[in-house]
Amino acid sequence: MVKGLSEKTTSDGLRDYMEVVSGVDVLAVEFGEQGRALVTFNETYDSQAITQKIAKRRLEDKRLSIEQVPVCHCVQVTGLNKSNTTKDTVLYYFENRKNGGGDVTNVEINAKEGWALVYFEDPQGTQHNQY
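In terms of our numbering, the sequence shown opens at residue 1 and continues consecutively.
Since the hints were derived computationally from the structure, they do not count as laboratory data.
Incorrect hints may appear among the rest.
Here are the simulated DSBU-like cross-link-like pairs (lysine-lysine), alpha carbons at most 35 Å apart as the crow flies [said to hold, decoys possible]:
1) Lys82 - Lys8
2) Lys56 - Lys3
3) Lys112 - Lys82
4) Lys56 - Lys82
5) Lys87 - Lys56
6) Lys53 - Lys3
7) Lys8 - Lys62
8) Lys3 - Lys62
9) Lys53 - Lys112
10) Lys82 - Lys62
11) Lys87 - Lys98
As the structure is a computational prediction, the values presented were derived from the model and not from experiment.
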């Protein structure tokens with residue numbers, strides 16, 4: 001999370017700035033509340049080094065700060081068959097490597113409403129788009 005942005009800051013401008021101070025490619029920039037944006041990197045980065053560089057380099061005359069946000073380990077699955085989807089069905093589907101799955105630590109299922117929460121050991125398990 002980047003804080004302290006100018007109203008003039010564009011997505012491309014912030015992307016370029018963050019790539020320079022981090023040395024890592026930026027995957028996405030999503031603007032949020034006043035003066036804040038969520039920046040997602042393609043790979044691991046050194047947050048201490050970024051913090052030090054940001055302290056020395058302003059963006060559009062603004063002094064920025066960063067805050068690491070928690071990584072999501074969970075996905076919500078909707079549209080499940082309410083009458084015959086079991087916890088095991090969901091668990092084994094999401095652990096199956098053929099489906100791009102990973103190690104699942106927990107499944108909470110609401111059969112009445114047809115949804116489940118699937119918790120992964122590795123947050124990368126939440127990144128697959130073809131479940």
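**OP:** With a cut-off of 35 Å on the C-alpha distance, tell me whether Lys53 and Lys3 pass.
**Re:** Distance of about 15 Å is within 35 Å: holds.
**OP:** Measure nothing beyond the straight line between the CA atoms of Lys82 and Lys8; if it is 35 Å or shorter, mark the hint as holding.
**Re:** At roughly 48 Å apart (the allowed maximum being 35 Å), Lys8 and Lys82 break the hint.
Original post:
Can the restraint linking Lys8 and Lys62 be considered satisfied, given a maximum Cα separation of 35 Å?
Top reply: 11 Å, holds
**OP:** Take a quick look at whether Lys56 and Lys3 sit within 35 Å of each other, Cα to Cα.
**Re:** With Cα atoms ~15 Å apart, Lys56 and Lys3 stay inside 35 Å; holds.
Original post:
Going straight from one Cα to the other, do Lys82 and Lys62 come out at no more than 35 Å?
Top reply: Status violated; Cα separation ~52 Å.
Original post:
Is the Cα-Cα distance between Lys87 and Lys56 35 Å or less?
Top reply: Outside the cut-off at roughly 51 Å; violated.
Subject >> Holds or violated: Lys87 to Lys98, with C-alpha atoms at most 35 Å apart >> reply: This hinted pair holds, its Cα atoms lying about 19 Å apart.
Original post:
Does Lys53 pair with Lys112 here, judged by a C-alpha cut-off of 35 Å?
Top reply: 51 Å, violated
Original post:
Is the Cα-Cα distance between Lys3 and Lys62 35 Å or less?
Top reply: 10 Å, holds
Subject >> Pair hint outcome, Lys112 versus Lys82 [Cα-Cα no greater than 35 Å] >> reply: This hinted pair holds, its Cα atoms lying about 6 Å apart.
**OP:** Below or equal to 35 Å on CA atoms is what counts here, so check Lys56 against Lys82.
**Re:** Between Lys56 and Lys82 the Cα gap is close to 56 Å, so the pair fails against 35 Å, i.e. violated.
Checked against the numbered hints listed earlier, the structure breaks hints 1, 4, 5, 9, 10; every other hint is satisfied.
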